[in-house]
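Protein chains in written order, with the working numbering: chain H, 3 to 199; chain E, 10 to 243.
Check before you lean on any hint, since a few could be wrong.
As the list claims (entries may be wrong) - Covered stretches of chain H, going by a simulated chain E footprint (3 or more residues, C-beta under 8 Å): (1) 15-29; (2) 36-50; (3) 60-69; (4) 157-163.
Just so you know, the hints here were simulated from the structure itself, not pulled from any lab data. Note that the coordinates shown come from a computational prediction; the quantities given were computed from them, not determined experimentally. Every residue gets a Cβ at the ideal spot worked out from N, C-alpha and C, and that includes glycine.
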Amino acid sequence: MTYTSSSTLKPAQVSESELLAAAAKGDQKAFRVLVNQYLPLVYNYLYRMTQNHELSEEMSQETFVKAYRNLKTFDCRRPFKPWLLRIAANATLSELRKQRKVVSLNALQEDGGFNEMEHQVSEDMTLRLEQELDAHQVQQALNRLDEKYRNVLLLRYQQELSYEEIASAMQTPLNTVRTWLKRGLEKFKDTIQEIAV
Amino acid sequence: MSFAETPACTRAHDLLLEASLALPDEIFLNEQDEAFLSEHLATCSRCASEKRRLSVLTTSLRRLDTIPVPSGLEERIMQAVEADSAGQATKTEQRAATGGRLRPLLAVAASLLLLALVLPSLMDGNHPSKQHHRSEVAMNNPQPAAPEAVRQSKPQVMQKADPATQQAAPTREPNKLVSPQQQKVKVLIAEETSPVDTSRIASAAPVLSQADDLLLPMEEGEPFGDPVGNLVGF
Chain H
3 MTYTSSSTLK PAQVSESELL AAAAKGDQKA FRVLVNQYLP LVYNYLYRMT QNHELSEEMS
63 QETFVKAYRN LKTFDCRRPF KPWLLRIAAN ATLSELRKQR KVVSLNALQE DGGFNEMEHQ
123 VSEDMTLRLE QELDAHQVQQ ALNRLDEKYR NVLLLRYQQE LSYEEIASAM QTPLNTVRTW
183 LKRGLEKFKD TIQEIAV
Chain E
10 MSFAETPACT RAHDLLLEAS LALPDEIFLN EQDEAFLSEH LATCSRCASE KRRLSVLTTS
70 LRRLDTIPVP SGLEERIMQA VEADSAGQAT KTEQRAATGG RLRPLLAVAA SLLLLALVLP
130 SLMDGNHPSK QHHRSEVAMN NPQPAAPEAV RQSKPQVMQK ADPATQQAAP TREPNKLVSP
190 QQQKVKVLIA EETSPVDTSR IASAAPVLSQ ADDLLLPMEE GEPFGDPVGN LVGF
C-alpha cells in the first residue's frame, strides 16, 4: 500500500477493507487511519455508558489495542464498526459490573418504588415531555437505565447500528435485542417523566 | 402509564414503539399498520400525545451532543498499540527461545521429581519383595497382623541403615513406623467410617449461605459469552 502517513491518506483513496487487511498484517499506519476515523464514535459511546472521562479514555485505549491484536481473526469483508463496538461494549459491561454503581430501574421496580413514582406522575407533567429535552436530562435518564437498555438505545440511536449489528455487538439473540429496545425506550420515557417531576 | 385503554390503543402503542425505533432511512411499518395507526391517531388524543412524546424522546437521543475526544488520545492509543505488539512479539520470541533452551533441564527436573516421589515408598517397604516378606510374617503371626509385620520387618531395615537408631526403634509406637502416605490413608479411612458429625455440618451452614449471597444474579437474557472481548465466532 502506498501511503506515508495518516494525514496523507484519505478514506476515499483506500477502502476500509484494504486498511483492515493492511493493519492485520501489522501495518500500524493503516491502523492509525482507522483509529482516527472511529475514535470519536468509540469515545462517545464509552462516555455515554460510563459518564467518566478518565475511564472512557482508558477503555478506548483498551478497545483499540484489543482490536489491533485480534485483527488477524477478523474477516475484513465484514463491517468494522459493529465489531469494534462489540469490543467496547464488552469492556464497558465488564467495567460496569465491577462497579455496580448505577441504580437499576429493575431494582426500583422490584422494591415497589418505581410503581409509586409512576402513580405520582400527573398528566400535566407528561406534557413537559413534548417540549425539547435538554441533554443533561437525557443523560441523567440514560444513566438510570439498566446497562443492557442503555447499551441498546445508544447503539441504535447514537451509533445507528441495525438490529443485527446490535445483536452481534452484544452477543445477544436478535429477538432479545428487539425486546430490549422496546422495553428500553419505554423505561427511558418513564425515567424522563420521573426526572421531569 | 398503562396503554391498555382499548385493544386499539394497545396495538397503536406497539406500532408507535416499533416506528420510533426505526432509523431515519428505515421503514418499519407495513401499509396496513400505517393505515391503522393514522386512522387511530386521528381519533385518539391520548395516543396522538404519546406519539409526540416518543418523537421528542427519540430526537433527543439522536441529538445527544458529541463529546470531544481528549487531545492526544489518538497518539496515546497508537503508542499503546505499538507497545502491546512489541510486547507480544517479545513474548513469542522469549517463549520460543527459553522453551528450546530449557527443554533438557525440564526433562532432568521431571526425572528427579519422579524419583523423589517413588523413593520414599521404596524405603518404606512397599517394594514388591518386601511386601512378599511381610505377607509371610503376617501368615506366621496372624494376631494382630499389620502392626506386628511392620514391627518385625522395620528394625532390620533400620539396623542396616543406621546402628544409632537401633536403640530408639523398639521404644517407638508401632504406627510411627508407618510411612506418611500410609498414615494419611489410615486417617482418611477412619474419617470415612466414623459416624457423621452433625455439629460440623450445622456450623458450616451460615458460611454456605454467605457463599450463596456472593454469587452474582444472572440477568434476564444475559449472554453467556466471555464479557471481555471474546472475539471468537464473530
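Quick rundown of the hints versus the structure:
Here's how the region 15-29 of chain H fares: 1 of its residues keep a CB closer than 8 Å to some CB of chain E, so the rule of at least three is not met and the hint is violated. Coverage of the region 36-50 of chain H by chain E holds. Counting CB-CB distances below 8 Å, 8 residues qualify, and the rule asks for three or more. With 5 residues having a Cβ less than 8 Å from any Cβ of chain E, the region 60-69 of chain H passes the three-residue criterion, so the hint holds. Only residues whose C-beta sits within less than 8 Å of a C-beta in chain E count toward coverage, and the region 157-163 of chain H has 4 of them, enough to reach three; the restraint holds.
Consistency note: the structure conflicts with earlier hint 1 alone.
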